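Chains as they are written, first to last, in my numbering: chain W, 869 to 980; chain A, 72 to 186.
Any given hint could turn out to be false.
[Stated by the list, open to error] Looking from chain A toward chain W, a few residues come up when the C-beta cut is under 7 angstroms (computed): (1) Ser76; (2) Pro114; (3) Pro179.
Hints in this document: simulated from the structure, not taken from any laboratory.
On a predicted model such as this, the values are computed, not experimentally measured, just so you know.
We put the CB at the ideal spot given by N, CA and C, even for glycine.
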Amino acid sequence: AQSVSQHNHHVILSEAASLELGCNYSYGGTVNLFWYVQYPGQHLQLLLKYFSGDPLVKGIKGFEAEFIKSKFSFNLRKPSVQWSDTAEYFCAVRGATNKLIFGTGTLLAVQP
Amino acid sequence: GAGVSQTPSNKVTEKGKYVELRCDPISGHTALYWYRQSLGQGPEFLIYFQGTGAADDSGLPNDRFFAVRPEGSVSTLKIQRTERGDSAVYLCASSAKRGQAETQYFGPGTRLLVL
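Throw the hints in and build the complete structure from the sequences for me.
Structure representation (structure tokens):
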């Protein structure tokens with residue numbers, strides 16, 4: 869069965885610090901990978917996605933993620949976080965079926 | 072343009088009651104999904120429609136849960152004999168294209184509380 873693991877449940881950073889959120893998945897076939905973000909009081913929004921091609925994908929608001937197939941990973945990065953990046957971040961994978969399998973989420977708090 | 076909308080935004084009910092949750096997908100989107108998100112967890116898949124038919128209902132937890140999409144647009148998730156464990160945020164998502172290039176867009180959710 870497919871599963872997604874997000875290692876960090878709660879991350880606290882100061883503004884301008886660099887961010888890396890871990891995401892590992894278990895599935896042996898071709899995958900599509902996603903990061904969604906949920907800002908306080910708002911609904912889930914797509915941050916970035918990987919379907920094929922260049923394993924380094926860039927999303928909105930300066931976020932990027934790298935697909936490393938050999939490590940079954942899709943870590944999210946941002947070189948310099950802002951207070952407005954405070955949110956919950958979810959990694960998700962889609963394998964052979966259309967449904968998304970989500971991780972448990974990482975709550976990021978950025979201190980001004 | 073308009074995104075996915077869900078009504079009601081909040082629903083409080085008593086154990087044993089019947090509830091209906093509604094989802095209006097993005098216009099023209101043929102695929103519609105229901106997920107459930109419990110506190111401290113990521114969304115969990117319930118059911119997927121392609122057009123009017125349920126293409127995958129493997130995530131429905133038991134036969135108290137049922138969903139319909141009679142005209143291929145609006146969908147209703149129905150929960151019979153609600154239990155306290157059904158309390159969660161129920162999310163709807165829609166997408167325009169199935170297969171490898173599909174991206175799901177989520178609505179704001181319905182927060183269900185069963186007392």
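ask   = Which hints from the list above does the structure break, by number from lowest to highest?
value = 1
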